[in-house]
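Undergrad: This is what each chain is made of:
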Amino acid sequence: MFASENGLKGDPRLQAITKAITVVPHFPKKGIMFQDITTLLLDHKAFKDTIDIFVDRYRDMHISVVAGIEARGFLFGPSIALGIGAKFVPLRKPRKLPGEVFSEKYSLEYGTDCLELHVDAVQPGERAIVIDDLVATGGTLSAGVKLLERAHAEVVECACVIGVPDVKGQCRLIGKPLYVLVEPRQVDKCF
Amino acid sequence: MSACTDEDPRLHGIRTKIRVVPNFPKSGIMFQDITTLLLDPKAFKDTIDLFVERYKGKNISVVAGIEARGFIFGPPIALAIGAKFVPLRKPKKLPGKVISQEYILEYGRDCLEMHVGAVESGERALVVDDLIATGGTLCAAMDLLERVGAEVVECACVIELPELKGRERLNGKPLYVLVEYLDD
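Residue numbers (the numbering used here), protein chains in the order written: chain F, 1 to 191; chain A, 1001 to 1184.
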């Protein structure tokens, strides 16, 4: 669900967050309108608001695990974890985590990729959220959910700053509720 | 300078939460795993607080973090001190116009990139990473910031491996670390 449908309709913070995101057409390849959140990170107030909105949502939900997807999930997840008193668990590309891991393959448009989680990072029964900057197909978030479930955590929700309007579709794919702050920024002019 | 000399009581908790994994990623390396620190909300908060207490009110407007583990510590510090966060990334990850800085590895080279326009001339900046080893990556990071006219006030890391002499490689730039790891 979008933040605007869930109590934050008309919240001026959401407009400022959208404005702080930059669209980069045809990156990394033709046809993709890349949502660049690095400009959000340059806007201290908008970045702080982003974190505060997530912290306000999850603070009283007894979440003990915030899992963030490498690498842009690392930009948001730790601050959220600190804000709600949860641990932060990085979900990483293969061979980055030094300890024993669970691995989960997922499909890309061409080929497959893989995410890993330390096996001792999460205890059975812990309530977890999965964070990334953006949800598109939901493939990466799905892999993140599966990893946490293999560790017997309960994934309460997935949360992203940006998500495509067809949120219901992503919910089906991921199998979990999905909370998104804003829709993708549209390009104002075409070149 | 290192926080060890002051023996802030929080340092013991931080030090004991870092897991050393022998022979990762290859034989002979004692890998400093900070993921176990992140599993302890108090120790992680203390880590951030120690940096924030040092840098708040020092007119620092930029915290630059090195991909990927610098992304874990940098943003919370930036948010707490009122600075912007600038990610320094591996090649071809940043979508906009970038400047690149190559640096030497044990075998071969690597490269760090920063968005053009992210940092303005005259800004006061910190560079943050989880660990300093030889100092090669931190040097590349400082070069990027100095090339756009920023002043690097200090490099800040959770862990230092003093035997690798990274501190000397920083060309006189101050380095602040919370814990040192010495191989017994």
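It is possible that part of the hints are untrue.
Pairs of lysine-lysine, DSS-like flavour, derived with a Cα cap of 25 angstroms [said to hold, decoys possible]:
1) K48(F) <-> K1173(A)
2) K1165(A) <-> K29(F)
3) K1056(A) <-> K30(F)
4) K30(F) <-> K1092(A)
5) K1026(A) <-> K48(F)
6) K1056(A) <-> K48(F)
7) K1058(A) <-> K96(F)
8) K1058(A) <-> K29(F)
9) K93(F) <-> K1092(A)
10) K19(F) <-> K1093(A)
11) K29(F) <-> K1097(A)
12) K1042(A) <-> K1165(A)
13) K105(F) <-> K1056(A)
14) K1093(A) <-> K29(F)
15) K1093(A) <-> K105(F)
16) K30(F) <-> K1090(A)
17) K96(F) <-> K1173(A)
18) K1165(A) <-> K19(F)
19) K1165(A) <-> K1056(A)
20) K30(F) <-> K1093(A)
21) K105(F) <-> K1090(A)
22) K45(F) <-> K1058(A)
23) K48(F) <-> K1165(A)
24) K1026(A) <-> K1173(A)
25) K45(F) <-> K1056(A)
26) K93(F) <-> K1093(A)
27) K1045(A) <-> K96(F)
28) K96(F) <-> K1026(A)
29) K48(F) <-> K1042(A)
30) K96(F) <-> K1092(A)
31) K93(F) <-> K1026(A)
32) K93(F) <-> K45(F)
33) K1165(A) <-> K93(F)
34) K1173(A) <-> K45(F)
Don't read these hints as lab results, they were simulated from the structure.
Undergrad: Need the status of pair K48(F), K1165(A): alpha-carbon distance at most 25 angstroms?
TA: Distance ~37 angstroms between K48(F) and K1165(A) Cα, so the pair is violated.
Undergrad: Is K1058(A) close enough to K96(F), meaning Cα to Cα at most 25 angstroms?
TA: Outside the cut-off at roughly 35 angstroms; violated.
Undergrad: Compare the distance between the alpha carbons of K105(F) and K1090(A) with 25 angstroms, and conclude whether the hinted pair is satisfied.
TA: holds (23 angstroms)
Undergrad: Decide if the proposed pair is consistent with the structure: K29(F) and K1097(A), CA atoms, cutoff 25 angstroms inclusive.
TA: Holds: K29(F) and K1097(A) sit about 15 angstroms apart, inside 25 angstroms.
Undergrad: Is the Cα-Cα distance between K93(F) and K1093(A) 25 angstroms or less?
TA: holds (15 angstroms)
Undergrad: Compare the distance between the alpha carbons of K1165(A) and K29(F) with 25 angstroms, and conclude whether the hinted pair is satisfied.
TA: violated (42 angstroms)
Undergrad: Are K1165(A) and K93(F) close enough, with their CA atoms no more than 25 angstroms apart?
TA: violated (29 angstroms)
Undergrad: Hint check: K19(F) vs K1093(A), CA-CA at most 25 angstroms. Holds or violated?
TA: holds (22 angstroms)
Undergrad: Run the distance test for K96(F) versus K1026(A): straight-line Cα separation, threshold 25 angstroms.
TA: With a Cα-Cα distance of about 12 angstroms, the restraint between K96(F) and K1026(A) holds, given a limit of 25 angstroms.
Undergrad: Has the given pair, K93(F) with K1026(A), been kept, meaning a C-alpha gap of at most 25 angstroms?
TA: Roughly 18 angstroms separates the two Cα atoms, so the pair holds.
Undergrad: Given the hint that K48(F) pairs with K1042(A), test it: the Cα-Cα distance must not exceed 25 angstroms.
TA: It holds: about 21 angstroms lies between the C-alpha atoms, which stays within 25 angstroms.
Undergrad: Going straight from one Cα to the other, do K96(F) and K1173(A) come out at no more than 25 angstroms?
TA: Not OK: K96(F) and K1173(A) at ~29 angstroms, beyond 25 angstroms, violated.
When each numbered hint is compared with the structure, violations occur for hints 1, 2, 3, 5, 7, 8, 12, 13, 17, 18, 19, 23, 24, 32, 33, 34.
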